[in-house]
Amino acid sequence: MKPDSTARQLSSTPPSPHAGPPQPGMRPAGPPLPGRYKRYATWMIFIVVLVACSIHTDATPYQLIVGLPEMGKLLGEMFPPDWSYLPTIWKPMLETIQIAIVGTTLGAILAIPVALLCAYNVMPRKLISLPMRTILNLVRTIPDLLFASIFVAVFGIGPFAGMLALLFFSFGIIAKLTFEAIEAIDPGPLEAMTAVGASRIQVIAFGVVPQALPYFVSYLLYTFEVNVRAASVLGLVGAGGIGLLLDRSLGLFRYDRTSIIILLTLVIVLAIDYGSNLLRRKLL
Amino acid sequence: MNDPTLRRPVGSRLRLWAIAILLIIIYIWAFRGMQFEGLQGTAKSVSVAILNGFLHPDWSYVYIPEGEDLLRGLLDTLVISILGTFVSAFVCLPFAFWASSNMTRLRPLSGSGKFVLSVIRVFPEMIVAILFIKAVGPGSFAGVLALGIHSIGMLAKLFSETIESVDHGPQEALVACGANRLQVIFFAVLPQVIPQFLSYSLYRFEINIRSATTLGLVGAGGIGTPLLFALQMRNWNRVGVILLGIVVLIILTDLISGWLRKRIV
Chain Z
1 MKPDSTARQL
11 SSTPPSPHAG
21 PPQPGMRPAG
31 PPLPGRYKRY
41 ATWMIFIVVL
51 VACSIHTDAT
61 PYQLIVGLPE
71 MGKLLGEMFP
81 PDWSYLPTIW
91 KPMLETIQIA
101 IVGTTLGAIL
111 AIPVALLCAY
121 NVMPRKLISL
131 PMRTILNLVR
141 TIPDLLFASI
151 FVAVFGIGPF
161 AGMLALLFFS
171 FGIIAKLTFE
181 AIEAIDPGPL
191 EAMTAVGASR
201 IQVIAFGVVP
211 QALPYFVSYL
221 LYTFEVNVRA
231 ASVLGLVGAG
241 GIGLLLDRSL
251 GLFRYDRTSI
261 IILLTLVIVL
271 AIDYGSNLLR
281 RKLL
Chain A
1 MNDPTLRRPV
11 GSRLRLWAIA
21 ILLIIIYIWA
31 FRGMQFEGLQ
41 GTAKSVSVAI
51 LNGFLHPDWS
61 YVYIPEGEDL
71 LRGLLDTLVI
81 SILGTFVSAF
91 VCLPFAFWAS
101 SNMTRLRPLS
111 GSGKFVLSVI
121 RVFPEMIVAI
131 LFIKAVGPGS
141 FAGVLALGIH
151 SIGMLAKLFS
161 ETIESVDHGP
171 QEALVACGAN
181 RLQVIFFAVL
191 PQVIPQFLSY
201 SLYRFEINIR
211 SATTLGLVGA
221 GGIGTPLLFA
231 LQMRNWNRVG
241 VILLGIVVLI
251 ILTDLISGWL
261 RKRIV
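Protein sequence lines correspond, in order, to chains Z and A.
First residue of the first sequence? That's 1 in the UniProt record's numbering, and the numbers climb one at a time after it.
First residue of the second sequence? That's 1 in the UniProt record's numbering, and the numbers climb one at a time after it.
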């Protein structure tokens with residue numbers, strides 16, 4: 001046990017019965033002195049890092065206060081929303097959802113074999129699972145907008161590039177979460193099946209998949225929610241969807257149009273969140 | 001197996017079929033939207049150039065004594081995400097108490113808190129960033145504010161769930177001794193939830209550093225701005241080295257925050 005964590009635990013446990021009610025300024029079950037110094041040191045380092053960071057970015061409350069009226073003005077220009085713009089944004093909005101659906105689904109399909117290959121209890125040979133995991137980690141470090149901007153360069157401007165970006169992005173997330181779920185499944189049925197002479201494929205199909213499927217579907221829905229949000233900004237780099245119009249309306253200072261786009265995105269995202277929560281509760 | 005009692009009732013079977021057909025229709029509609037217009041005429045040469053750029057990163061960009069270089073951009077990104085996480089971890093505390101249902105007897109109150117949080121969560125960081133850029137001008141500060149405000153939604157939700165799961169014993173004991181509301185929060189609730197708070201904040205930090213790398217695409221500071229320039233100029237060697245830097249930075253921060261989290265919990 002490390003001294004710091006014991007100190008933290010001691011100080012964070014609710015007051016023990018024999019110590020009486022806690023009083024400010026008095027520390028009944030206080031940590032030993034060295035632990036306390038260590039905690040002070042931790043706080044000092046924390047504060048120093050924070051101050052250094054704020055100096056680095058010139059982040060001062062003054063700047064924020066000066067900027068607030070500017071933001072208020074911006075919000076003022078957003079209202080009332082330009083409702084006549086609604087028919088124009090309807091199609092790109094649907095395209096955003098299409099991008100999210102196709103990207104998430106294809107990514108999830110790709111993730112299935114990879115997740116199986118990554119899980120130690122399905123693929124005990126580290127020669128295969130370790131490189132797979134490394135690739136997964138690399139894919140997950142790259143943000144979706146980066147993928148999108150690279151794919152736009154290769155495939156041209158349009159929803160296809162955005163779909164590919166989300167495909168890779170969801171592949172990384174779903175494969176990682178699923179292989180962790182696979183590793184946590186009950187080994188009993190697998191052993192029983194191996195004992196009666198089932199082949200490797202049969203063990204996976206009848207032992208692993210039924211146990212891991214609910215988790216997989218739940219992660220798929222979760223990623224879909226994340227992707228709808230991501231798809232709504234992909235257009236900023238030219239990868240299709242509503243983001244393109246968002247960028248245009250901001251560039252033309254038509255904030256009344258910006259606000260209607262944001263409102264519609266809000267409604268769609270809330271609706272999809274609600275629907276996928278409903279579905280998840282049914283499935284799990 | 002042909003025992004009719006073992007079969008699902010007709011109603012639920014019909015519903016299953018309806019859901020399946022609905023899903024198929026949605027998928028057909030979605031895939032029809034992705035017209036694949038073939039590769040760009042330049043796709044092959046661009047792909048080769050990208051691969052070439054990634055294999056031969058522009059090492060000279062890593063450190064330039066004067067002016068913008070990779071290390072400074074990465075430092076900027078790191079600083080933005082540290083400050084953004086700190087801002088959100090601080091600001092979201094009142095929101096978390098507002099949204100947790102066991103801190104108040106009024107149900108609509110916590111319900112409204114939850115609704116506000118989900119509205120905050122809906123706005124992508126990029127949009128929040130654009131709004132703040134209009135307010136405080138382009139640069140790191142706008143990025144910090146964007147990350148800070150956006151993270152409140154998620155962080156406060158997780159925090160409020162933690163608060164809802166605390167042990168009620170200490171709280172009731174304090175109330176019985178005549179403690180007031182603030183004292184109850186300080187001595188019964190906070191000590192129980194602080195380790196979870198720290199762990200969630202670290203987790204949020206990991207997410208924020210990923211977002212911070214792309215905030216620069218809209219002008220909110222960090223490594224994203226030079227990356228955008230490099231992408232627009234098709235300078236793939238530079239894109240390669242920046243991507244490499246991002247990957248290294250994210251892996252390092254993941255390792256460090258994972259280690260810290262293990263010590264906290």
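By construction, these hints were calculated from the structure, which means they are not laboratory data.
Idealized CB from N, CA, C, for every residue including glycine.
Do not take every clue at face value.
As the list claims (entries may be wrong) - The calculated label-pair distances, taken between Cβ atoms and stated as ranges, are:
#: 1; chain 1: A; residue 1: TRP259; chain 2: Z; residue 2: GLY251; range: 41 to 49 Å
#: 2; chain 1: Z; residue 1: ARG125; chain 2: A; residue 2: GLY111; range: 20 to 28 Å
#: 3; chain 1: Z; residue 1: VAL267; chain 2: A; residue 2: LEU244; range: 17 to 25 Å
#: 4; chain 1: A; residue 1: LYS44; chain 2: Z; residue 2: ALA52; range: 45 to 53 Å
#: 5; chain 1: Z; residue 1: GLN211; chain 2: A; residue 2: LEU106; range: 38 to 46 Å
Cβ separation of A/LYS44 and Z/ALA52, checked against the hinted range 45 to 53 Å = Since A/LYS44 and Z/ALA52 have Cβ atoms about 47 Å apart, the given range 45 to 53 Å holds.
Note whether the CB distance of Z/VAL267 and A/LEU244 lies within 17 to 25 Å or breaks it.
-> violated (40 Å)
41 to 49 Å as the expected CB spacing between Z/GLY251 and A/TRP259, which holds or is violated | At 44 Å between Cβs, range holds.
Return holds or violated for the Cβ distance of Z/ARG125 and A/GLY111 against the range 20 to 28 Å.
-> With Cβ atoms ~52 Å apart, the hint is violated.
38 to 46 Å as the expected CB spacing between A/LEU106 and Z/GLN211, which holds or is violated | Between Z/GLN211 and A/LEU106, where Cβ atoms are some 42 Å apart, the hint holds.
Of the hints listed earlier, those the structure fails to meet are numbers 2, 3, in rising order.
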